[in-house]
Amino acid sequence: MSAAPAQRTYRLTDNVDFLVIGCGASGSVLVRELSRNGFSVVALEQGPWLDRKQFSHDEYRVAAQFQLTNNPQKQPTTFRKTPNDNAVKQPAFVYGRMVGGGTVHFTANFWRLHEIDFIEASKIGTIPGTGFADWPITYADLEPYYTKAEWDLGVSGQAGVSPFDPPRSKPYPRFPMPVKSSGVIFEEAARKLGYHPFPAPMAVISQSYQGRMPCAHCGFCAGFGCEMGAKSSPLPTMVAQAVATGALRDSSAQLRAQNRARLLQGPCYRCCLFRPSWQRKAPARQSCDRCLQRSGNAASALNVEVECLSQRPGELKRARGQIPDVQYLHDHRRTVRTAAQRVQEYRSDPYSAGFL
Amino acid sequence: MYWGGLTPQILAQAHQHAKSTPRNLRGEPFRFFTPQQAADYAAFAEQIFPTDDTPGAKEDNVLRFVDFALSEIEPQNKADFTKALKALNERAKKTNPEATSFAGLNSAQQMETMKSMEKTDGFGMLRFYTIVGFLGDPADGGNKNKIGWDLIGFKDDFYYAPPFGYYDAQLMKEQKEKA
Chain A
40 MSAAPAQRTY
50 RLTDNVDFLV
60 IGCGASGSVL
70 VRELSRNGFS
80 VVALEQGPWL
90 DRKQFSHDEY
100 RVAAQFQLTN
110 NPQKQPTTFR
120 KTPNDNAVKQ
130 PAFVYGRMVG
140 GGTVHFTANF
150 WRLHEIDFIE
160 ASKIGTIPGT
170 GFADWPITYA
180 DLEPYYTKAE
190 WDLGVSGQAG
200 VSPFDPPRSK
210 PYPRFPMPVK
220 SSGVIFEEAA
230 RKLGYHPFPA
240 PMAVISQSYQ
250 GRMPCAHCGF
260 CAGFGCEMGA
270 KSSPLPTMVA
280 QAVATGALRD
290 SSAQLRAQNR
300 ARLLQGPCYR
310 CCLFRPSWQR
320 KAPARQSCDR
330 CLQRSGNAAS
340 ALNVEVECLS
350 QRPGELKRAR
360 GQIPDVQYLH
370 DHRRTVRTAA
380 QRVQEYRSDP
390 YSAGFL
Chain B
-3 MYWGGLTPQI
7 LAQAHQHAKS
17 TPRNLRGEPF
27 RFFTPQQAAD
37 YAAFAEQIFP
47 TDDTPGAKED
57 NVLRFVDFAL
67 SEIEPQNKAD
77 FTKALKALNE
87 RAKKTNPEAT
97 SFAGLNSAQQ
107 METMKSMEKT
117 DGFGMLRFYT
127 IVGFLGDPAD
137 GGNKNKIGWD
147 LIGFKDDFYY
157 APPFGYYDAQ
167 LMKEQKEKA
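Line by line, the protein sequences are chains A and B. Read in order, the letters of the first sequence are residues 40 to 395 in this note's numbering. Read in order, the letters of the second sequence are residues -3 to 175 in this note's numbering.
Here are the computed distance ranges between Cβ atoms for each label pair:
#  : chain 1 : residue 1 : chain 2 : residue 2 : range
1  : B       : K151      : A       : E159      : 43 to 49 Å
2  : B       : M168      : A       : L232      : 20 to 26 Å
3  : B       : T47       : A       : A228      : 37 to 43 Å
4  : A       : R372      : B       : P46       : 33 to 39 Å
5  : A       : D124      : B       : T78       : 32 to 38 Å
6  : A       : V127      : B       : G120      : 17 to 23 Å
7  : B       : E173      : A       : A228      : 19 to 25 Å
8  : B       : T78       : A       : A172      : 54 to 60 Å
9  : B       : E170      : A       : E159      : 38 to 44 Å
10 : A       : D156      : B       : L147      : 44 to 50 Å
11 : A       : E159      : B       : K74       : 51 to 57 Å
Hints listed in this document are in silico derivations from the structure and should not be mistaken for laboratory results. All C-beta atoms in this analysis are idealised placements derived from N, C-alpha and C, irrespective of residue type, glycine included.
Start from the sequences and build out the full structure, keeping to the hints where you can.
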């Protein structure tokens, strides 16, 4: 079932330059950049490495069977308000769990932050009791990287249509996705209310790009993997390019199975498994010379950190205050309405209209 | 939540089976259902999707999906499912003391029985599998000849070109006329 192409493999006893934990949206970018620059890299990923041919439209397998996500029953998240409460299981986080991470099954909306978003604290004030602050960098610092990401991944959109768009050094690499019936209705309603509707920037290629086929408008974007490879997730882009260098070993083929096996016994995957100085027993480990990079999502990065620290008595207590106690999780709003005529909304990407 | 756990073994199995038609599609005996359970669950599914002027659960092969899912994909749910069917029969006997099974009740009594337990987890599980079987991917054994999809106006053509619906077609027409 693994789609791992032939590539250089490292033994567990080999030292590598970089060890990347989590091969999702950020990990895969890191892996590509490092492997392109001649470093040896091992990426550890808790989920499977799937090929686009293994994606399907089968909702029973994908949604009901957690084919592409973590399983809240196997990896439960618990919550308590005070240390005296009993932790209660709750299905708090469901995230993309595979090589490529959440961006493999995401809806593919690909927005840039605005200039104001970086300096909100100084513009509108702080919030008492929180650490709410300006970013240490500004939009201008980040702009070249936004552009690089849009062109490396392949984003479809129309620059300049939003009057509130922050300055950009380059247009989008591909035309926006076609307007759907829901988009036409949405646009009319938004204009009436004085908003400025426009085609949303989507990480889906509307025309072929860098040898990848364009979107077939099958409609199975949100929650599904793209069989066409048209969704610009790291899987057909970053990961494929990193593999092409031959410097990457995806450990998901071998180490993933071990991670999953341990996970079934109880704890989540641990970077300490791969840190010789911390471990008591002798599970598989990979040591690295230079750097260990955590690239997990909001939920699992924290999980890994706490797991690691809990291996060393006393450390967890000392680390209190260093572990973030505030997490940012993304959210979105939907509107639902009926239309007089058939919209056939199931066709093409479901969230291709935006407004400000 | 009746969604079973996913192990690498199950996932591997799922992939293997995704490529082949479920074996029990060929009219072989059920592997999970006993004949009595099959009769009871068929009656249940046909109350949710009755056959009238449109086809229902019977034509859609819902039972084939459930049998396939419980025997191959989610064997861990077998016990709960059996328990739910047992509860259905117990309720049936409360509705009509002379009845020996849910399938033996008349339609009105079946409906009454189902209404009496519709807040329970067992009912939710039975209903969940009926709906998934009716509208799920035909590769999993239900939704025979895409009956379910036809009823809700969904096509799985994989490739579509604009216009996708009425309103964007109108817009394209207007733009063409202007030009």
